[in-house]
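Each chain, written out:
4 protein chains.
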Amino acid sequence: MILKITCTDTKGLIYKVTKCLYEAGLNIVKNDEYVDTDVNRFFMRTEYEGNEGGDAILERLKSLLPKDAKIKLTPDRRRRIILMASKEHHCLSDIVNRCENDDLQADIQCVISNHEVLRKSAARYDIPFYFIDHRKYSRQDHEKKILEVIDQYDIDYIILAKYMRILSSDFVQKYRNRMINIHHSFLPAFKGARPYNQAYMRGVKVIGASAHFVSEDLDEGPIIEQDTIRVHHGYSPREMAKAGKDVEKIVLARALDLVFQEKVFIQGNKTIVF
Amino acid sequence: MILKITCTDTKGLIYKVTKCLYEAGLNIVKNDEYVDTDVNRFFMRTEYEGNEGGDAILERLKSLLPKDAKIKLTPDRRRRIILMASKEHHCLSDIVNRCENDDLQADIQCVISNHEVLRKSAARYDIPFYFIDHRKYSRQDHEKKILEVIDQYDIDYIILAKYMRILSSDFVQKYRNRMINIHHSFLPAFKGARPYNQAYMRGVKVIGASAHFVSEDLDEGPIIEQDTIRVHHGYSPREMAKAGKDVEKIVLARALDLVFQEKVFIQGNKTIVF
Amino acid sequence: MILKITCTDTKGLIYKVTKCLYEAGLNIVKNDEYVDTDVNRFFMRTEYEGNEGGDAILERLKSLLPKDAKIKLTPDRRRRIILMASKEHHCLSDIVNRCENDDLQADIQCVISNHEVLRKSAARYDIPFYFIDHRKYSRQDHEKKILEVIDQYDIDYIILAKYMRILSSDFVQKYRNRMINIHHSFLPAFKGARPYNQAYMRGVKVIGASAHFVSEDLDEGPIIEQDTIRVHHGYSPREMAKAGKDVEKIVLARALDLVFQEKVFIQGNKTIVF
Amino acid sequence: MILKITCTDTKGLIYKVTKCLYEAGLNIVKNDEYVDTDVNRFFMRTEYEGNEGGDAILERLKSLLPKDAKIKLTPDRRRRIILMASKEHHCLSDIVNRCENDDLQADIQCVISNHEVLRKSAARYDIPFYFIDHRKYSRQDHEKKILEVIDQYDIDYIILAKYMRILSSDFVQKYRNRMINIHHSFLPAFKGARPYNQAYMRGVKVIGASAHFVSEDLDEGPIIEQDTIRVHHGYSPREMAKAGKDVEKIVLARALDLVFQEKVFIQGNKTIVF
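Residue numbers (our numbering), protein chains in the order written: chain Z, 1 to 274; chain L, 1 to 274; chain H, 1 to 274; chain R, 1 to 274.
Treat each hint with caution, since some may be false.
[To be verified] The calculated DSSO-like cross-link candidates involving lysine-lysine, where the alpha carbons are at most 27 Å apart (straight line), are:
1. R:Lys19 / Z:Lys11
2. Z:Lys242 / L:Lys270
3. H:Lys11 / L:Lys72
4. Z:Lys120 / H:Lys87
5. R:Lys30 / Z:Lys270
6. Z:Lys30 / Z:Lys242
7. H:Lys242 / Z:Lys263
Since the hints were derived computationally from the structure, they do not count as laboratory data.
Given the structure is predicted, the values throughout are model-derived calculations rather than measurements.
Construct the complete structure from the given sequences, taking the supplied hints into account.
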């Protein structure tokens, strides 16, 4: 089981939590704590052996910890996810293969796209594919159609695997902290459209990618994972994009793995990643 | 000798240059070319053995190449530089030690600072140190005092080794393409003041540094070299700054080494680095 | 067209080659040269526009260059490859998706495996899959069976995409310079079996992967590409292997892309990569 | 204060330690734990506010923890170190400057060298320099002379900052776990002499450096920190060494900073680094 706790920081929190687990006869396998002193907040993630102790442990912890404590107890299980994508295959292909081969503990319920191009990629893995053409609908209706599809499924997370349309504030709020995007730049550099073109115009020597939770401000949500690679003057925008794809898919996959293992906490506009 | 050529791209340029050197009996050791197709411009850097052939080669090349060709022939020699710095020692210490031990082919003429703190660091290496207090003068007078010092020396480059004052447009223009700055972020992210604080507030997972030629727009000049390192939520702004210092000094030293070896061309707001 | 030349280094080689192309009215797009001074050997790769000039250019160059010159003129075309793999899917999945989506200019003719597990992965992409069980045959017969399959296809390269059997000297010689392997360590560290276990036992803080041409000495062939990632004491051998998979597949894909673009020369036990 | 504990792993250890500190009214600032399941050993590092509680806490913990527990309580203080070096300045220069400017919490007592070349570098910082010529003495006598110098000082650590002589088993044992070396390769690749030459001959695409505790087996001691940088075919052994110097000095400095902050545990031939 994975136990996640956040609450106001006070003396003795680790002691209280570990005491509670000790007295329940549970063996801690891995333990991480962090205090964000800016906001005086405590974060703790504890893995213990077995799937026992659920409700009793929760009750006991509630009585011991500060009243504002958020306590989450999650068994080790595969997450249910939906992928949204536009035309580029690399992130989708990568996630699909990881899931099929148990490198990522998730099951893809369906793919939703505003283009037809990735239908074949989804079909190869027998994953339902919904083409919802953004040119046929108003923005509002387009999102309504997407939500109708999503509502058919019981899901944990929505993954924007190179989905190139901006989602409305309403949409984002509905899946707050449950929607993860890969942005093809090293945020906060090159926010917005065509980041590789921006990077090329600026003549940078390093490019990157950022996986983040989606918030209402475009490309401003809490960053989960980032990485970079070197480029040089000889890279065209197209070659930068090609080199960048490898970083994008690896960064997104690492972020998903961290989130699915319950290793990520959101605090304001930042993440704590154990 | 190092030969640098830039001109409008046309067919046969490499052929013409190498023919000219071949006929002069010179042996090419290293050769790099690049065409910036956006602006149809050709760049070539050629190292050949020996220090011969100077004026004759230049004349011959001028007659063969397009009229807009810029041709520069440089013998292998140590550059004469001035360091400007404020309070932090790490870039200055690093450059001073590299120069003293022949890891960087340059001689430091003097250090100019708007604080007293680095006097000892300069003194340890018997380098003249000029403290010009920005609190005692108007911005204009302060720069005038600095220029009076610089004018005493015959120099190739001014290195802003963590000099934390913004220089006026007039100052920058006077040393156009001859002034190199280290910015303590991965540009264009976190331009301006206190980039590590900005990085901390944004919750990034990677930080970086950028060495660039100084242009009139702050932190917008042509980037020569950049690099990054990973950080995590546990880094305070102070710890980010500490980790960043190592990247800053290495990135600046690499940039200087490239420039002093004549491996860098400036084209618009970008560099070509061979 | 891509022109590759290697020969004994003498004065004027670049001049002679560029003259030949200039006089044929061909426009050079990209040009790279290198001299390995240890063995006094010259390497040049030139991309020129169009697919013209083939035989005539070759004849002309032969007459101009030293007698030992190897000259290769290749049109831009997709390579024909065979993948050999054992049980792990990540390199195979990655290559298959890149080829299907034009991120890698190659067509996979078939997959050969000594296990059944990857049959489904190949089938999803309608790629013929040959299961040749190494437990059923002597080493010699096993390779004979493999060669019978390979002989049915006209191929450019064999890719060992995590094929975990050692191939005999005879097999290797037959495909000298045409067989590329991904080794799951930063060679020459951790040669041989179970490198992640070796890395774990040694307590390293960085792990890596190496793509190389296969030579008769195990893990000793010319290295094409390598990369590394950081690990720490908390990684079990299994977690190192998981983290390493991402490096392996990216390193192998980059190596293949370089080879297929004719950017790689082999010189003795090293590569020159432009 | 920094509290370090290692002992056989049993249930409730974190609980017991945190309880002890909680009851003493001490506030934990940072806490890290790790269990090495291979050897069933528990490691814990706890930073708490203030310098109080020393002996009483130690006594209390001894009574609570398993009998094999090693408990170390260290106030935050500068370490006393000796540098040993041969001819290369870069690691020595870097450490000297960090110590002088408070980037590294240590005071250099003296420099011991088997060459004269670094005398000036030490003199610039008024650090005693002992030249002990290895050509004048037998190996045994040479080490005896070195030990005579070391014995004059009360030190915490000896830093081999590019000291290029192998030390005898007796010498190493005397400073077991207190002597840190920087090896100029990515261990275990290229053990022994002239690693850049070995790397060049092998044609690697990445080089590295490793900081490790010195053990009796050359280059086999517990690794504290490693890092790598990319090179290519165009790097001569000399250019590899030049590029490598930057990695060496940064890796060594990071390792020292970790050790001096009591963030490193040694377990067998590995380190746990918090």
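Query raised in the report: Given the proposed pairing of Lys11 (chain H) with Lys72 (chain L), does the C-alpha separation stay at or below 27 Å?
Result: Holds, at roughly 22 Å.
Query raised in the report: Given the hint that Lys242 (chain Z) pairs with Lys270 (chain L), does the C-alpha gap stay at or below 27 Å?
Result: 21 Å, holds
Query - Pairwise hint evaluation, Lys263 (chain Z) against Lys242 (chain H), where the allowed Cα distance is 27 Å at most - result: 17 Å, holds
Report task. Decide if the proposed pair is consistent with the structure: Lys30 (chain Z) and Lys242 (chain Z), CA atoms, cutoff 27 Å inclusive. Result -> 38 Å, violated
Query raised in the report: Holds or violated: Lys120 (chain Z) with Lys87 (chain H), Cα cutoff 27 Å?
Result: At roughly 25 Å apart (the allowed maximum being 27 Å), Lys87 (chain H) and Lys120 (chain Z) satisfy the hint.
Query raised in the report: If you draw a straight line from the CA of Lys19 (chain R) to the CA of Lys11 (chain Z), is it 27 Å or shorter?
Result: 10 Å, holds
Query - Restraint check for Lys30 (chain R) with Lys270 (chain Z), where alpha carbons must lie at most 27 Å apart - result: Distance ~19 Å between Lys30 (chain R) and Lys270 (chain Z) Cα, so the pair holds.
Checked against the numbered hints given earlier, this structure breaks only hint 6.
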